[in-house]
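Peer 1: Since each chain comes alone in its own frame, lean on the hints to assemble the complex.
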Amino acid sequence: MTFRKYLVLVGVAVFGSVGDSLLSRGMKDIGTISLTHLQSLVVALANGWVLGGIVLLIGFFAAYMTALSWADLTYVLPATSIGYVIIALIAKFVLHEQVTTARWIGILLITSGVGFVAGGPALTPLPDDSASDPRKEHEPELASLRGHS
Amino acid sequence: MKHAYTWAAILLMVTASVTGDVLLSKAMKQVGDVGDLWKSHGIFRVIGSVLRHPLFALGIAAMAIAFFALLFGLSWGDVSLIAPASASLTFVGNMIAAKLFLQERVDRRRCIAVGFVACGVVLLAF
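Chains A and B are the protein sequences, given in the same order. Numbered per the working numbering, the first sequence spans residues 1 to 149. Numbered per the working numbering, the second sequence spans residues 1001 to 1126.
Chain B extracted, bound-state conformation (with noise of 0.2 Å):
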């Protein structure tokens, strides 16, 4: 049963960070360059801007909900289980989402790369 809640909670958290992850890309993208803007408008107007922006508070609400999954399952799972599975699982995740979700072009090479990172990522726990 604690091996169930620990898996539970590390799809949660890859979830609701690749969630965060995909709203806070667009909510950024819709905002717009930030070196170009903190030239013409200041970086004050640039931090309101970025603060104000509706999907910008979602995805920190959607990270805080990864954090706390991250929390619940570090007290029921073990860590060298945990942080290399949600990290590697998360980045296959925003690559998928990525793609649905923003449109983005996901050609071979990153692919590969993500593929690379995330078995890497997984190593790094032995």
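Only chain A is shown next, with the shape it has when bound in the complex (with noise of 0.2 Å):
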């Protein structure tokens, strides 16, 4: 693991998160949308909460996106729970939100889960099998990939 890929296991996590966290502070100011009237959405487009929190999240997909090219799934999502931990201190500390005991001892459970993950390897080796490694399925379409450049 590299200092890059690990910029981008915390883009995952803070992009998410805040994007989540621009979207309902934006949607705080649209209101309820009922499905009889979907058309409240397009109205929310041009709320500059809603704008910057999908800005994130196109972000948040392109870093998960990466992390899955060279990582586990089993490794990227408990890595990248800490956004979770990131929504909860945001809820206390700007939007002055009540965190209870109860959320304190989930915040601890989540990131001891992360320590416990990010200290081992990234990418399982795969079964000796090539046949069943994904990435030795592909490998003309990518040969001729790398041919191109």
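Derived by calculation from the structure, the hints in this document are not laboratory data. Careful: at least some of the hints might be erroneous.
[Said to hold, decoys possible] Simulated DEER-style distance windows between Cβ atoms:
id, chain 1, residue 1, chain 2, residue 2, range
1, B, A1057, A, D29, 30 to 40 Å
2, B, D1107, A, K5, 18 to 28 Å
3, A, A46, B, V1079, 46 to 56 Å
4, A, T100, B, S1040, 29 to 39 Å
5, A, V42, B, Q1103, 19 to 29 Å
6, B, R1108, A, L45, 17 to 27 Å
7, B, F1072, A, L45, 17 to 27 Å
8, A, G115, B, K1099, 34 to 44 Å
9, B, P1054, A, Q98, 19 to 29 Å
10, A, M27, B, F1126, 19 to 29 Å
11, A, V43, B, R1109, 44 to 54 Å
12, A, M27, B, I1060, 36 to 46 Å
13, B, A1057, A, L45, 19 to 29 Å
Where is the CB? At the ideal position from N, CA and C, for every residue including glycine.
Peer 2: Shown next, in the form of structure tokens:
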């Protein structure tokens, strides 16, 4: 794991959690949207908070896809769940919401889980038979792609 | 009956979300390390090869189903039940699916991590 790869994981956690928080802040301005008035969703797109949230969530998706290209799914998901902690801290210190004892215990558990998985390898060795290796299945296509450079 | 609809929406959301995550993970493993490909071929070719991958399109479709299942679930049940239940079940479901379909080595360390995170997410609802 290089420093750049850790930065990508941080990007997944930060872009996802801050993006969700911005969407939440924007949708409080818009109010409740009923299934019979879906056109209100278009109005929501003109809200600066919602737009900012969408931009960050696009960044989240790009970082998530990048992380999945070199790390296991069972590594990326727990490692980036620190985003739940970021949301709780934003709720406490920026939005001044009440964070209960149960939530702090939850934050502690999530942080412990992240610590557990982050100490292990990002990509586990695949079984010996290369036929079941997804990276080998498309080797001819990737070789031709590399040949274009 | 409303309770049954809520849990049906949660199960549909978890199933679709796990399917989407597995398909996207498989697609990205087949595309290769994005950082290396970016250096050798440029960002536009990387984006093109990701967007053209059939598993990527299927993964996005599964994620869209999960999103709409979440919307319907929220119209029937409380967000304090649906959000933590679906998030923690998705963590556990992803661990099982990654072992079965992606042949990932889910060792004790990862099992403990997923268990801690799933329990922690549930506690965040209180």
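Peer 1: A separate judgement is required for each hint: does it hold in the structure or not?
Peer 2: The hints, checked one at a time:
1. B/A1057 to A/D29: 30 to 40 Å: holds, 34 Å
2. B/D1107 to A/K5: 18 to 28 Å: holds, 20 Å
3. A/A46 to B/V1079: 46 to 56 Å: For A/A46 and B/V1079 the Cβ distance comes to about 25 Å; the hint is violated.
4. A/T100 to B/S1040: 29 to 39 Å: 50 Å Cβ-Cβ, so the 29 to 39 Å window is violated.
5. A/V42 to B/Q1103: 19 to 29 Å: violated, 44 Å
6. B/R1108 to A/L45: 17 to 27 Å: violated, 46 Å
7. B/F1072 to A/L45: 17 to 27 Å: For A/L45 against B/F1072, whose Cβ atoms are near 22 Å apart, the range 17 to 27 Å holds.
8. A/G115 to B/K1099: 34 to 44 Å: 22 Å Cβ-Cβ, so the 34 to 44 Å window is violated.
9. B/P1054 to A/Q98: 19 to 29 Å: violated, 47 Å
10. A/M27 to B/F1126: 19 to 29 Å: holds, 23 Å
11. A/V43 to B/R1109: 44 to 54 Å: holds, 47 Å
12. A/M27 to B/I1060: 36 to 46 Å: Because 23 Å falls outside the window, the suggested range is violated.
13. B/A1057 to A/L45: 19 to 29 Å: holds, 24 Å
Hint compliance for this structure: hints 3, 4, 5, 6, 8, 9, 12 are not met, and every other hint is.
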